[in-house]
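Participant: Each chain, letter by letter, is given below.
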Amino acid sequence: MHGSSSPENVIEVRGVLNQFGHHVVHDNLDLDVHRGEIIGVVGGSGTGKSVLMRTIVGLRKPQAGTVTILGKQIFPREHDTSGLNDDIGILFQDGALFSSMTVAENVMAPLREHHHEISDALAEEIAGMKLSLAGLDESVGTKMPADLSGGMRKRVALARAMALDPQVLFLDEPTAGLDPIGAAKFDELIISLRDNLGLTIFMITHDLDSLYRDCDRVAVLADKKVIVNAPLEDVERSNHPWISDYFGGPRGRAAQGASLARENA
Amino acid sequence: MRCSRLYGRVFAFRPKVNGKAFKQMTNARFTIDDTASPRLVVEGRWTISDGITKIDDAVRKFAATTLDKPLTIDLQHIEALDTSGAMVLQRTMQACGARTVATEPLRGFENVDDRHQVLLAQAAANLSSCEVHAHPKSILIVLERVGKTAEGMLDEALHILSFVGAVMARMADMVRHPRHLRPTSVVHHMESSGLNAIFIVGLMSFLIGAVVAFMGATVLAEFGAEVFAVELVGISVLREFGVLLTAILVAGRSGSAFTAAIGSMKLREEIDAMQAMGIDPLDALVVPRVIALVVALPCLAFFAAILGMIGGGAVGAAFLDIPPALFMARTQEIIVISNFVVGMAKAPFFGFAIAVVGCYHGMMVESSAEDLGRRTTVAVVQSLFLVILTDALFAIFFMELDY
Chain A
1 MHGSSSPENV
11 IEVRGVLNQF
21 GHHVVHDNLD
31 LDVHRGEIIG
41 VVGGSGTGKS
51 VLMRTIVGLR
61 KPQAGTVTIL
71 GKQIFPREHD
81 TSGLNDDIGI
91 LFQDGALFSS
101 MTVAENVMAP
111 LREHHHEISD
121 ALAEEIAGMK
131 LSLAGLDESV
141 GTKMPADLSG
151 GMRKRVALAR
161 AMALDPQVLF
171 LDEPTAGLDP
181 IGAAKFDELI
191 ISLRDNLGLT
201 IFMITHDLDS
211 LYRDCDRVAV
221 LADKKVIVNA
231 PLEDVERSNH
241 PWISDYFGGP
251 RGRAAQGASL
261 ARENA
Chain B
1001 MRCSRLYGRV
1011 FAFRPKVNGK
1021 AFKQMTNARF
1031 TIDDTASPRL
1041 VVEGRWTISD
1051 GITKIDDAVR
1061 KFAATTLDKP
1071 LTIDLQHIEA
1081 LDTSGAMVLQ
1091 RTMQACGART
1101 VATEPLRGFE
1111 NVDDRHQVLL
1121 AQAAANLSSC
1131 EVHAHPKSIL
1141 IVLERVGKTA
1151 EGMLDEALHI
1161 LSFVGAVMAR
1171 MADMVRHPRH
1181 LRPTSVVHHM
1191 ESSGLNAIFI
1201 VGLMSFLIGA
1211 VVAFMGATVL
1221 AEFGAEVFAV
1231 ELVGISVLRE
1241 FGVLLTAILV
1251 AGRSGSAFTA
1261 AIGSMKLREE
1271 IDAMQAMGID
1281 PLDALVVPRV
1291 IALVVALPCL
1301 AFFAAILGMI
1311 GGGAVGAAFL
1321 DIPPALFMAR
1331 TQEIIVISNF
1341 VVGMAKAPFF
1351 GFAIAVVGCY
1361 HGMMVESSAE
1371 DLGRRTTVAV
1381 VQSLFLVILT
1391 DALFAIFFME
1401 LDY
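So the protein lines, in turn, are chains A and B. Residues in the first sequence are numbered from 1 upward in steps of one, following my numbering. Residues in the second sequence are numbered from 1001 upward in steps of one, following my numbering.
Just chain A, same shape as in the assembly:
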């Protein structure tokens, strides 16, 4: 484990600067994610939520700062990070399924890539179970991604992200575009993944219901930084104008009410 990282921190971001031309997205941004928690990342459009995710998983090099994930520093690159791909699962916003492969092949792709010796039968069974876990039945296995609805694509993408039982799961707007029933099931699924598999989940979301239901902590991106990273009750109490607009607006209050009702029930 890297010297500066404390053991319970799965992700440590320190002083990150992200810049596109003259446009600064993140400036001196810090973020900690603890093991086994679900962290919700919120922020207005264009505050760089996806950019932050891409930076943490190593798809984007920040201009400055350090990023450590699972004790391995990926920027500036110091450790051997080759084994990291097994431990990270990513659900991209539109699923990013491989369009030339069937659904089953998509889910099996990481299995086959990381475990060459895997038998067809086992790969099919694991893929079948992951699809079933993601709320799909096995008949979708032979379909092509193009034939699926947006919600189903998202579920397949989640099944693929979970194929290797990663330690950290990154979800980019997982419930966006799902109907409320589907979104609620997705929330349950995410919570059960955390509880049963001890996953750490980094979730970008605009879904206030998801925030209230799933997240142990909420990180708010504004003013090029993470301005708050705390449990939801503490975030609500913050008097930053954007946060009070966000949680104090009609939708925020509705989600809060629903969450209270759930607790009382």
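Keep in mind that the hints were calculated from the coordinates and are not lab data. Idealized CB from N, CA, C, for every residue including glycine. Some hints could be false.
Unchecked claim - Among chain A residues calculated to face chain B with C-beta under 7 angstroms, some are:
| id | residue |
| --- | --- |
| 1 | S132 |
| 2 | E138 |
| 3 | N196 |
As the list claims (entries may be wrong) - Simulated coverage check for chain B against chain A, where a stretch passes if three residues somewhere in it have a Cβ under 8 angstroms from a Cβ of chain A:
| id | region |
| --- | --- |
| 4 | 1041 to 1055 |
| 5 | 1109 to 1120 |
We have chain A; now place chain B onto it with these hints.
Facilitator: Only chain B this time, still in chain A's reference frame:
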């Protein structure tokens, strides 16, 4: 005992003999205690990254020999379990007659701790294997493919014809309502497919002219008729090579670009958005490209013809003792204007064919990036084929006319 050290991971699978368990300090492994009823003692780390894939075959074999006998699985010594491991255990249990039900997912398991209970329950609820398409093998498949391809070709030919009709109709409409024409777009495509291609077209024609002169002169020298290389260059470049090679280049360069551009717009639902706004995609995307290429290709072909002549002349002056003055004089004297007219007359038709085929395949792209790639390839192949077919038809036509 079977052992694998491929990735530095080892497993051991061995039936327990004389009640003695086989011990090894490694990952996923199990022992079988087959006294009264079968009993599977699971040890080590049953996770996908710690050797599940390697012991799976052994587990399957065990399950096959223990069919329909009530099985007990003991998890006392397990160190780690993940969803895949739980799935393998639950699958084995189901195969071996325990037949766990949804309400009782843990029947048959012993010494399961709380976290593993949830995993096993989850695995029991989600046990399913996804089907992967079967590949039927038969001579019928070949026949089926031949039939389907033939039908597809006929279908596509009809589609292209109807597309050509639609484009012509839109263009005719523009004669009546010139406001529908988008001059900015036309000029933009003339620049990108015409002007920007000028260097490569010029270079290619120059080299072709030079090669024709050189090769012709080598053969003609045997008859002492080296000077006829001028006619050879003039006629071949003006009548055929200039325009044909330009068209081939443009088909590869711009035809494919049209398909890719329109196809990716189709994939991103931009075309649907246009239609919803009441913009006809034929007006906005196809007609400007067709007009641009119909105008730009003759210009390029003209340029190519001139450069081809210059190439021939340069070789004549440098290597064949045909000074530029003589080259010019013979060209003016012998090469009739009809050669040039024949070449130029074909160019707009080539341009039309390339643009229409490129746009047609762009509009036909459906739903996936792979289809876009396939369509782009098909567009280039088809436009090349059409260009050469049109050229052949023109050759017959002009022969009949004695032109």
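Participant: Are at least 3 residues of the region 1109 to 1120 of chain B within less than 8 angstroms of chain A when you compare beta carbons?
Facilitator: holds (count 3)
Participant: Return the status of the interface hint for E138 of chain A: holds when the least beta-carbon distance to chain B is below 7 angstroms, violated otherwise.
Facilitator: For E138 of chain A, the interface hint holds, since the closest Cβ of chain B sits about 4 angstroms away, which is under 7 angstroms.
Participant: Should the interface hint for N196 of chain A be scored as holding, given a Cβ-Cβ cut-off of 7 angstroms against chain B?
Facilitator: Holds, because the Cβ-Cβ distance from N196 of chain A to chain B comes to roughly 5 angstroms (cut-off 7 angstroms).
Participant: Against chain A, does the region 1041 to 1055 of chain B show at least 3 residues with beta-carbon separation below 8 angstroms?
Facilitator: holds (count 6)
Participant: Hint check: is the beta carbon of S132 of chain A less than 7 angstroms from a beta carbon of chain B?
Facilitator: Because about 4 angstroms separates S132 of chain A from the closest Cβ in chain B, which is inside the 7 angstroms limit, the hint holds.
Hint check: no violations occur; every hint is consistent with the structure.
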